[in-house]
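**Q** Letter 126 of the sequence shown, counting from 1, is numbered 126 in this note's numbering, and no numbers are missing.
Incorrect hints may have been included.
Unchecked claim - Label-pair distances were calculated between CB atoms; the ranges are:
# : residue 1 : residue 2 : range
1 : Gly96     : His36     : 29 to 39 Å
2 : Gly3      : Ile61     : 14 to 24 Å
3 : Arg146    : Gly97     : 29 to 39 Å
Quick caveat, the hints were computed from the structure, so don't treat them as lab data. Predicted model only: the values in this text are computed from it and were never measured. Backbone N, C-alpha and C fix where the C-beta goes; we use that ideal spot for every residue, glycine too.
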Amino acid sequence: MLGMKEYEQDYIDACRSRIESQVAVFHEVAQAARDHGDADVSGLEGALESLEYEYFNNMLIVLDGYFVDRLRGVEGKDGNALNEVRVLVRSLMENGGTVMADPTIGLDPSRSVLRLEVGAPVTLTLQQYRRISDAFLREIESRFSRAED
1 MLGMKEYEQD YIDACRSRIE SQVAVFHEVA QAARDHGDAD VSGLEGALES
51 LEYEYFNNML IVLDGYFVDR LRGVEGKDGN ALNEVRVLVR SLMENGGTVM
101 ADPTIGLDPS RSVLRLEVGA PVTLTLQQYR RISDAFLREI ESRFSRAED
């Protein structure tokens with residue numbers, strides 16, 4: 001596929017809807033596990049925490065995948081949420097889940113959405129994923145949205 005300089009708003013909305021559904025499924029499963037009162041749940045919270053990190057780290061890769069062909073020239077290199085997702089996904093896929101530096105992007109942790117420093121582990125919670133996915137999609141709409149004809 002060629003690089004994308006714009007996405008139709010219907011596509012962006014559909015991606016947002018899939019993300020919301022996937023977040024809701026995680027929340028429902030976690031709540032159902034916590035509400036299951038007649039089982040031995042001594043290790044439940046630790047297991048749910050591990051599941052949460054794995055699930056939302058993978059959901060970040062999915063989010064990036066929806067827009068993987070976005071043109072870097074349109075995305076910019078100013079440390080925006082698109083850059084942050086790009087760095088975090090690359091860190092998950094190529095650096096064992098530890099935030100790596102990208103010298104081509106001006107990503108300042110103090111101004112980023114998640115404020116993760118180089119060398120920090122990428123272990124996203126539901127709340128962190130919501131923040132970064134919302135910021136990412138707002139930036140997609142701002143830079144890449146195309147009105148329907």
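**Q** Would you say the C-beta atoms of glycine 3 and isoleucine 61 sit inside 14 to 24 Å of each other?
**A** The hint (14 to 24 Å, Cβ to Cβ) holds, given that glycine 3 and isoleucine 61 are roughly 19 Å apart.
**Q** For the hint 29 to 39 Å, verify it against the beta carbon of glycine 96 and that of histidine 36.
**A** holds (33 Å)
**Q** Note whether the CB distance of arginine 146 and glycine 97 lies within 29 to 39 Å or breaks it.
**A** Roughly 34 Å apart at Cβ, these two residues keep to the hinted range, so it holds.
The structure shown violates none of the earlier numbered hints.
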